[in-house]
Amino acid sequence: MSVSKIPPPRKISMSSIRVIISCCHTGPNPAPGLGLARSLKAGYPDSFLVGKDHSTQASGLHTEFFDEVWVARPWGELHLVDHRAQIIARLEELDGYYLPGSDLEARWLAEESHPRILIPGIDIFRRTAKPFEKVAEILPVRVPAFIGLDAGDREVYNFAVDHGWKVWAKGPVMDAYRVFNWTGIQQARHSLAACWGQQSFFLQKHITGTEVMLAFAAYQGHLLGTAVVDKRLVTSEGKCWSGEITTASPELLNAVALLVRELHWTGGGELELVKDEEGILWLIDWNYRFPAWIHGATIGGINLPALLIAAASGVQPVPPRCASRQFTRVVLEIPVLSSIPLPAPPPAARSTNVPSKLSASNPSGLPALMQRLFGPEGREATSQHSDRPARVARVDSAFAQAIREHVGPSLQTPARVFLPKIAEVGFRQAQAAAAMDLPVRLTPTYSVKTNPDRRLLVMARAHGLRAEVISTGEARWARELGFSLGETIYNGPVPLNPAELDGEELSAVFADSLESFHGLCDRGPGVAKTVGMRLNAFDTGSRFGLRLGSAYRFGIVANAIRDRLPRGVRFGVHSHLQSSVTGVAEWLAQARAFVEMASSLEFASGRPIQMLDLGGGWTSESFGPFLRDHLPGLVAHVHRRLPHVEDVVIEPGKAVCEQSHVLVSRILEIRRTDWIREVVADACLAEMPLAGYFPREVYLLTAGGNLHRLVDGFDRILGRVCMEHDILAGGLNIPRDAEVGDWLVFSHAGAYEASMRYTFGVGGFHE
Numbered sequence: 001m002s003v004s005k006i007p008p009p010r011k012i013s014m015s016s017i018r019v020i021i022s023c024c025h026t027g028p029n030p031a032p033g034l035g036l037a038r039s040l041k042a043g044y045p046d047s048f049l050v051g052k053d054h055s056t057q058a059s060g061l062h063t064e065f066f067d068e069v070w071v072a073r074p075w076g077e078l079h080l081v082d083h084r085a086q087i088i089a090r091l092e093e094l095d096g097y098y099l100p101g102s103d104l105e106a107r108w109l110a111e112e113s114h115p116r117i118l119i120p121g122i123d124i125f126r127r128t129a130k131p132f133e134k135v136a137e138i139l140p141v142r143v144p145a146f147i148g149l150d151a152g153d154r155e156v157y158n159f160a161v162d163h164g165w166k167v168w169a170k171g172p173v174m175d176a177y178r179v180f181n182w183t184g185i186q187q188a189r190h191s192l193a194a195c196w197g198q199q200s201f202f203l204q205k206h207i208t209g210t211e212v213m214l215a216f217a218a219y220q221g222h223l224l225g226t227a228v229v230d231k232r233l234v235t236s237e238g239k240c241w242s243g244e245i246t247t248a249s250p251e252l253l254n255a256v257a258l259l260v261r262e263l264h265w266t267g268g269g270e271l272e273l274v275k276d277e278e279g280i281l282w283l284i285d286w287n288y289r290f291p292a293w294i295h296g297a298t299i300g301g302i303n304l305p306a307l308l309i310a311a312a313s314g315v316q317p318v319p320p321r322c323a324s325r326q327f328t329r330v331v332l333e334i335p336v337l338s339s340i341p342l343p344a345p346p347p348a349a350r351s352t353n354v355p356s357k358l359s360a361s362n363p364s365g366l367p368a369l370m371q372r373l374f375g376p377e378g379r380e381a382t383s384q385h386s387d388r389p390a391r392v393a394r395v396d397s398a399f400a401q402a403i404r405e406h407v408g409p410s411l412q413t414p415a416r417v418f419l420p421k422i423a424e425v426g427f428r429q430a431q432a433a434a435a436m437d438l439p440v441r442l443t444p445t446y447s448v449k450t451n452p453d454r455r456l457l458v459m460a461r462a463h464g465l466r467a468e469v470i471s472t473g474e475a476r477w478a479r480e481l482g483f484s485l486g487e488t489i490y491n492g493p494v495p496l497n498p499a500e501l502d503g504e505e506l507s508a509v510f511a512d513s514l515e516s517f518h519g520l521c522d523r524g525p526g527v528a529k530t531v532g533m534r535l536n537a538f539d540t541g542s543r544f545g546l547r548l549g550s551a552y553r554f555g556i557v558a559n560a561i562r563d564r565l566p567r568g569v570r571f572g573v574h575s576h577l578q579s580s581v582t583g584v585a586e587w588l589a590q591a592r593a594f595v596e597m598a599s600s601l602e603f604a605s606g607r608p609i610q611m612l613d614l615g616g617g618w619t620s621e622s623f624g625p626f627l628r629d630h631l632p633g634l635v636a637h638v639h640r641r642l643p644h645v646e647d648v649v650i651e652p653g654k655a656v657c658e659q660s661h662v663l664v665s666r667i668l669e670i671r672r673t674d675w676i677r678e679v680v681a682d683a684c685l686a687e688m689p690l691a692g693y694f695p696r697e698v699y700l701l702t703a704g705g706n707l708h709r710l711v712d713g714f715d716r717i718l719g720r721v722c723m724e725h726d727i728l729a730g731g732l733n734i735p736r737d738a739e740v741g742d743w744l745v746f747s748h749a750g751a752y753e754a755s756m757r758y759t760f761g762v763g764g765f766h767e
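Going by our numbering, the sequence shown opens with residue 1, and the numbers climb by one from there.
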């Protein structure tokens, strides 16, 4: 906003204060309009306030604080240029001011500045865009770690894993979704894209701590005042329902003053911060208008809306009185204005006798404005047209060479292609870990169930890994490929039938239930060198393992170990938490807690624990860093707390094999709509059953040998069968030069995508 366009304040009377206030709904996710009106009436009792919204269901319009109501057409029906002109014309008619109640409307209005619309200029929106790195350069705050959702699926997935799935998917101006798994990320990305088009979405780390909300008012770069609320009660949406008004620290106050001066800020604003347990402030959000709790600050003696109007008009308000530093909201029934009656429920609702739902959504219809401005059909979404260029990402040279070596016209598709050079990387990492100088012997195993491919088992054997199986069929298969049963570990939900192994002794067997443990012990020595239990130590909700969540259950398990386990047989315990589900930090914390539980079990049972199996579940990308940065410390902790342990077992299943295969398919058809492409491939969910649950990179190999990694778009790859959910990939940007017959290459197809097709264990029932 240009300073030269703002006239000097005029000396007018209090009764001449006229303000249009938008976004007036109040509910579980309230807008600030009603709070602004109440605060301005407190500061200017004779003011004339116009409540503006886009639905008669905006409940604040029906209160006594508005002298006039303006119900505009829904955002989806308005001509935006004409509506902006209508707002300005009404301002000129009133000789008043305009306070928008949403970031989105403020941004829209800022595109053509007007001195009576009290908002920041459009350049400020651009300079302070999410995730607010430039803002944090001035404020004494930090910005949580983040990654763009266009970075590539594996990068995004590994970011979420690294942060223990404590992450948010966020839009460019508003909208945030807490996500807990890959499916959640996909759903959030789809929801954001539906409203915002192809904008910059990102995934950001969740910060645990105390929320600190700071509201401020500024005029032409001068900070007029601030108020901080400590939330006491929140809605299901996390919105403040009650709180206590406090003041900002001098350091934060000075920094905010510096920031608004540098930005030449006009209008209200809010900083959403979180203070962690170390006292560090993290910037979570930055709003370009007053918050919905703004009248709580007025109750606490800080009337920020009145200060803003005073600075713009030159008319001083009634000094605020501190009624209480604490405030709360209440629900009141009030008459509906006869001039704007509520609409009848839609026909579908009437037919089932269900009224319109009052939810966290706002009847003002702002999602329609999002779509008008940023959505696929919006004027700002120019890159959405079907002739847009595809943004392609860097392709690893070794991977590109491997693909070109194995994919060509002679390959019958769909085909799962083995990449031996890439497969060997994970096995070398496991082999190097086993050779580390550790206080306890480290025993890496290859999980046969993850992918029983002959070539992978041969590679595992060559690198010194043992076999880990969940069926006797797998054990026999591993034996056929060179693994002795004496170096094979058996676990899983199916009880072992030793007769199927010709009486040969296994390295270890872990029972998944107390019944299975009793059966193993009753057979006496000779079943396995180590007999143990898979424990569900903390009742995590897993279907696997013996639960130890109560003293009663703990006692039963300890007694079974003491009374049933044959002498001369080693005892072991097994936990299998997936690092890719919990995140490395949480996995380490739970592993250490498991060691403590095992120590207690060792003491209670009187039997030393000599083998500790920690499972795994690492991704191929996180396995190497785990071995380097965390494994030595964890093994040292095991040695201190369980001094009888001779073997620490890890099970890097998908970590060593998920990148060993790619699925190769060919394009059968390319469908073009107004703004997306859909490709029909000759593969389907039969070849890639976990397509919607785990991420992978998708590549396009052209007939000319060009290999592109596809990212960042709205295009989809559809499978060949007639099932609605046969969608192999989405969120892609397929190049314009893609042709029927080109190859599609799906990475990370070497783990459970392959093992879903195996037949070990079938027909395993015996009388």
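The set of hints was computed from the structure by calculation and includes no laboratory data. Don't take every hint at face value.
Claimed, not checked - Using C-beta positions, here's what the derived DEER-type ranges look like:
# : residue 1 : residue 2 : range
1 : Leu258    : Asp437    : 46 to 56 Å
2 : Asp230    : Ser599    : 36 to 46 Å
3 : Arg592    : Arg564    : 20 to 30 Å
4 : Gly741    : Arg90     : 56 to 66 Å
5 : His79     : Val395    : 15 to 25 Å
6 : Ile670    : Glu278    : 49 to 59 Å
7 : Ser484    : Gly279    : 54 to 64 Å
8 : Arg553    : Gly486    : 47 to 57 Å
Claimed, not checked - Here are the simulated EDC-like pairs of lysine to aspartate or glutamate, each with C-alpha atoms no more than 20 Å apart in a straight line:
#  : residue 1 : residue 2
9  : Lys134    : Asp230
10 : Lys205    : Glu277
11 : Lys239    : Asp95
Virtual Cβ for every residue (Gly too), placed ideally from N, Cα, C.
These are the hints, each one checked on the structure:
no., hint, verdict
1, Leu258 - Asp437: 46 to 56 Å, "holds (53 Å)"
2, Asp230 - Ser599: 36 to 46 Å, "holds (41 Å)"
3, Arg592 - Arg564: 20 to 30 Å, "holds (28 Å)"
4, Gly741 - Arg90: 56 to 66 Å, "holds (60 Å)"
5, His79 - Val395: 15 to 25 Å, "violated (45 Å)"
6, Ile670 - Glu278: 49 to 59 Å, "holds (53 Å)"
7, Ser484 - Gly279: 54 to 64 Å, "holds (57 Å)"
8, Arg553 - Gly486: 47 to 57 Å, "violated (33 Å)"
9, Lys134 - Asp230, "violated (26 Å)"
10, Lys205 - Glu277, "holds (16 Å)"
11, Lys239 - Asp95, "violated (34 Å)"
Of the hints listed earlier, those the structure fails to meet are numbers 5, 8, 9 and 11, in rising order.
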